[in-house]
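Here is what each chain is made of, one letter per residue.
Protein chains: 2
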Amino acid sequence: MTGNFLKRNASFFMLMSFLMIGLPMHAQAPTELNIMPLPAKVQRGTGALKIDANFTLAFAGFHDARLDRAGQRFLTQLHRETGFVLANAAGDAGKATLLVTTDHDSKPIQELGEEESYTLEITATGAKLNAPTTLGTLRGLQTFLQLVSITPDGFSVPAVTIQDQPRFPWRGLMIDASRHFMPLAVIKRNLDGMEAVKLNVFHWHLSDNQGFRVESRKFPKLHSAGSDGLFYTQDEVRDVIAYARDRGIRVVPEFDMPGHSTAWFAGHPELASGSGPYQIERKWGVFDPAMDPTKDATYKFLNEFIGEMTKLFPDQYFHIGGDEVNGKEWDANPKIQEFMKAHGIKNNVELQAYFSQRVQELVVKHGKTTVGWDEVLIPGVPKTVVIQSWRGADSLAAAAKDGYRGILSNGYYIDLGWSAARHYAVDPMGGAAANLSPEEKQRILGGEATMWSEFVNSENVDSRIWPRTAAIAERFWSPQNTTDVDSMYRRMNAESERLEWLGLTHRTYQRQMVQRMAGPAPVEQTDALLVLVRGLEPVKDYSREALATEEPTSRTPLVRVVDAVNPESEASRRFSDEVDQFLASSCKDQAKAAALRAQLAQWARNDSDVQALAQRSSLVREATPASAAFSQSAELALTALDRINQGLPLPDDLKKQQIDALNAFEQQAHKSQLTIPARAAFQKLIEAAGNGGACTTAK
Amino acid sequence: MTGNFLKRNASFFMLMSFLMIGLPMHAQAPTELNIMPLPAKVQRGTGALKIDANFTLAFAGFHDARLDRAGQRFLTQLHRETGFVLANAAGDAGKATLLVTTDHDSKPIQELGEEESYTLEITATGAKLNAPTTLGTLRGLQTFLQLVSITPDGFSVPAVTIQDQPRFPWRGLMIDASRHFMPLAVIKRNLDGMEAVKLNVFHWHLSDNQGFRVESRKFPKLHSAGSDGLFYTQDEVRDVIAYARDRGIRVVPEFDMPGHSTAWFAGHPELASGSGPYQIERKWGVFDPAMDPTKDATYKFLNEFIGEMTKLFPDQYFHIGGDEVNGKEWDANPKIQEFMKAHGIKNNVELQAYFSQRVQELVVKHGKTTVGWDEVLIPGVPKTVVIQSWRGADSLAAAAKDGYRGILSNGYYIDLGWSAARHYAVDPMGGAAANLSPEEKQRILGGEATMWSEFVNSENVDSRIWPRTAAIAERFWSPQNTTDVDSMYRRMNAESERLEWLGLTHRTYQRQMVQRMAGPAPVEQTDALLVLVRGLEPVKDYSREALATEEPTSRTPLVRVVDAVNPESEASRRFSDEVDQFLASSCKDQAKAAALRAQLAQWARNDSDVQALAQRSSLVREATPASAAFSQSAELALTALDRINQGLPLPDDLKKQQIDALNAFEQQAHKSQLTIPARAAFQKLIEAAGNGGACTTAK
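The listed protein sequences derive, respectively, from chains A and B.
For the first sequence, the tail end lands on 1097 under the numbering used here, and the numbers increase by one without skipping.
For the second sequence, the tail end lands on 1097 under the numbering used here, and the numbers increase by one without skipping.
If we strip away everything but chain A, and leave its shape as in the complex, we get (with noise of 0.2 Å):
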């Protein structure tokens, strides 16, 4: 029957067959190879090695379960990548598509500083991977896999030759397991991803007010009083350990002392300063509760309590957290008061320096190294403890001079909400850390992305820590001078793509919270949240809280459109970036006018939607004000280009009533705890358009 209907309508085919054959359909080559972190040394070869049914993998050298472990990962994640079948048997090596070369295992419990260089050579005829260590092995694989991609002749991986080792020893990932507990699964996905990356610290903040997440065989009240039931049992953790380990990743608690302690005093009120009874904290923020630095008891407890958890956690270094204490609880305690005096300590700075000295003796005394936050130090602490800096890159400088080893989180605190670029440009060296002697700056050991949880949980989580800790990754590992911001955007955006195949949610997320806000709306309507949803962002920093009607507690659901939002919105980054193309062109390119009045145009007209939804939802509703504001504001930007179109300039008391419109309607954003990303982008639209402005004069 095809047949016949075919030859019926011959001519008509013949008519339109140009719209089949008429493209030409030659390779683009890429320009730039989406590889994130950026490998130290790449040097492009020619033609491409076909990915297909046939592709093998094979070790030589040192080879154990754990390689075949990796190599499982490897195929399978090739596998979701490509869709092809892939022979589950490492091949012969002699004919291995990929044959991967590893020296010799890495430590058996790894260490701060291994080995992590490899070598890969790809050419149209096959590939090889070298490195000295198991660790340098799990690096190139992930870095063969982001090679991958579709082209016009199927998959393939372009000839290239890398020669990559880290800049910094310690690229971590902290997640806060406590105010939100993490399930497994959370934490497993993350590791995937973390290895995607080539972090390889993963720092597990098991302990805080708001929960105690490890089981304690010594003393189980610990976590069966603090934690609602939500912990990892000791299986669960070596678990994690295990699986960590096969990504080439550590894993360092932390349990935080003697303040953010509420959870311990639930189970165990005798540790702490006040006179309780103490429940897990609810709330968010610096409370009072602290353990007792003067009696005996709190140091045997914790003895016996680290003597437990450095066992289950095999790595070398142990966090014990010592930030934030207000000193209330030992201001209010006359026996404190009175041993402080009888001990000549002047203050409560002094009073933790005495318990941070005692708790890292008792960790040293367990045979492990001590990490703890800026507040750790203080004179007279042991040249080995390491300082995690939530201060900043100046006191990790100072730290460093002093002779102590750190690594550097502020600045990459992801639950700020801050742009991938804003992280992206914090370096570990930079501040007073560029003017170190190199022998100062060889204790700059590396950093931290921090995901503290105060407002996320299992379902937004991957969002917060996704793609944006990419970026982060890359200042880790990268060569200092890997600084283009659009390639990495760019880059990083492959990335987040690439890594859903890992199971993680942070793109599919947002669908289906905006579903739940929206129930069985019109399709328009719920379109219209995700637009809104897609192009703001959440108020950055901490005005989350300040700006909050009620305030949020670790029993708030988390379903509003602030938790929905990005904390980067790619739509607003997007239109910013062609606003500046478009007056980068004195506002003559008419396609890029064209792309940017669509985009107005869609924001513009999309608060009506929303409004319709907010009949029927009290979610939706909520979230109006900023709605309104961002369709108003993007009415005003709409407005300035069709000035800039038509030659037409804004008049200066004009131009200043939409700006401060603009400011206006930014603060009415704030009301639901958000923010109008694309803001400025707008106000420059604005601003061209104005008498004397870019586009006018250029006009």
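Honestly, the hints are just simulated from the structure, not real lab data.
One should not assume that every hint holds.
[To be verified] Stretch by stretch, here's where chain A covers chain B in the computed footprint (C-beta under 8 Å, at least three residues): (1) 537 to 543; (2) 757 to 766; (3) 953 to 965.
[Claimed, not checked] If you anchor each label on the Cβ, the simulated ranges turn out as follows: (4) B:583 to A:636: 19 to 27 Å; (5) A:450 to B:581: 22 to 30 Å; (6) A:634 to B:778: 53 to 61 Å.
[As the list claims (entries may be wrong)] If you only want the chain B side, here are some residues facing chain A, beta carbon under 8 Å, derived: (7) 430; (8) 432; (9) 480; (10) 482; (11) 880; (12) 882; (13) 906; (14) 917.
Idealized CB from N, CA, C, for every residue including glycine.
Dock chain B against the given chain A, drawing on the hints supplied.
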């Protein structure tokens, strides 16, 4: 600072305050409840029961660990739907928001026809669920979850009284885990989906030519040689059975014989009628290998095998397949021909009857009841055998007349790409069954949706099962007169969103497949591919194989546009509905006209971005004929719409030419194994625009 700003800008805020308070915020009473399947009896009450963080659930009457787990699952799902952190512990029965009273446990091994009824009474102050057995409780909990929705006043459940029970006792979903292996996670999330829509039989197609998927401890070569290592261990099978039991779902295993059995022969060639050697089949279709029905050794083997499997699978029913034997191996085997002569067996149909009879006796010997496809129904087969009809309702009705019980699958083959409406229109009591006596009708037990897996894998299988299977589930559960298709689609779409919270990937897979095809392309090109994928459907029935240029196998990557499109395009269905509404308004509804124009314009211009993307991706290039055809078709409809608007009738010759063109475009789409589902709607617009058409006469 915010305060000062507000004061300075007070007049500005007054000006725009209408945006925030100008719209009335009252509730709209929903016109229908988003329940699927619709209950037998629903009576609406007044008001609604608020759902918030204080929600509690309590059990009264019969109570066991299975109910506790059901309660836990219910609370988890309610948490996902609303975000509220709910108390894990069952609350005080007297004060519970939802009090669940179960009279008795259901049978230790779930039986066909067990009581599943329940009543659910919801008022503004509380809810009561009552059920004679645990099965009814499970069903009622799902109804409650479906009733939860976002409103202007937060989440709530409308006041309602529901009395509900199923129409048919056998409401199944078959998943073919042989042609493409389906990992445990896929099975489990689909069992979750089944529970949500009250299906109660999981028919697990475990062996076929392409794979033997269950561990046999008696005959380990069955799975070791017959599965490429992709099989379920017996522990995993027990895990699935327990998981299903928790959800009120029976698990009926199928081992297809004597045909569809090549994978058995990879390890046990002595069972076959040919000389072998055999290996797992990689292609699709009906193949020659069949068991040798003449050797006693065959039955000795099957006796032991059935003995093992009937112990592993506790359900009373055991499916022996029995379909599609082509008889070629039997014809070619002289010993078999001799046997037939010696025993007076005249042809292969009789030979298969002989085999079925003996296997059926083995099943009975092991205490089970046989289920088989139509072919097992031959003269002399005991009346206990249950017939699963792939041939159709008439065949089923004939069986019922003969005294056999049966279930209908013809009409519910969800691998064929039919619309939900088409499946929904099929009734197990339709056709000849409508004329059966009441007693005969009793023998029609229900039906099963069948997910054959030639062209699905773990990545897209959910999208082939859901949401359409929810409509089929309604056919099996709800009263026969539940036939409003518009209502079905509205409720099915609402349920589709809800199913996502169970972890089903039927919506999220598409974006990822599109991303794989697009690679890191400009966003407008990726979006265009998404528009294409959402506008088209796979060719229907078995035409995918017929249209393939290269014979598909089990190793063919399922990564093409045809794998990414949904069986039913929601965008096209909505568009077609709107065309009908527009035409019903005698083309006077200008809002509809504008909506149609917007959609057509998007589709018409879509191809240019897809063509650009095709130059980067071989996977996209392959679909360019369909993309061009789709945009060209939309362009024709757009022109017709313009003529309607301008009152400019389309001359007859042009009309004919355009309809011919639509047909040709459809054929062109078939080259990519795709179809243009909006084609009929496009044609309606062209016909309406034609001389004397609905809209030209109306104008």
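Cross-check of the supplied hints:
no.: 1; hint: 537 to 543; result: violated (count 0)
no.: 2; hint: 757 to 766; result: violated (count 0)
no.: 3; hint: 953 to 965; result: holds (count 4)
no.: 4; hint: B:583 to A:636: 19 to 27 Å; result: holds (23 Å)
no.: 5; hint: A:450 to B:581: 22 to 30 Å; result: holds (24 Å)
no.: 6; hint: A:634 to B:778: 53 to 61 Å; result: holds (58 Å)
no.: 7; hint: 430; result: violated (10 Å)
no.: 8; hint: 432; result: holds (6 Å)
no.: 9; hint: 480; result: holds (7 Å)
no.: 10; hint: 482; result: holds (5 Å)
no.: 11; hint: 880; result: violated (19 Å)
no.: 12; hint: 882; result: violated (16 Å)
no.: 13; hint: 906; result: holds (5 Å)
no.: 14; hint: 917; result: holds (4 Å)
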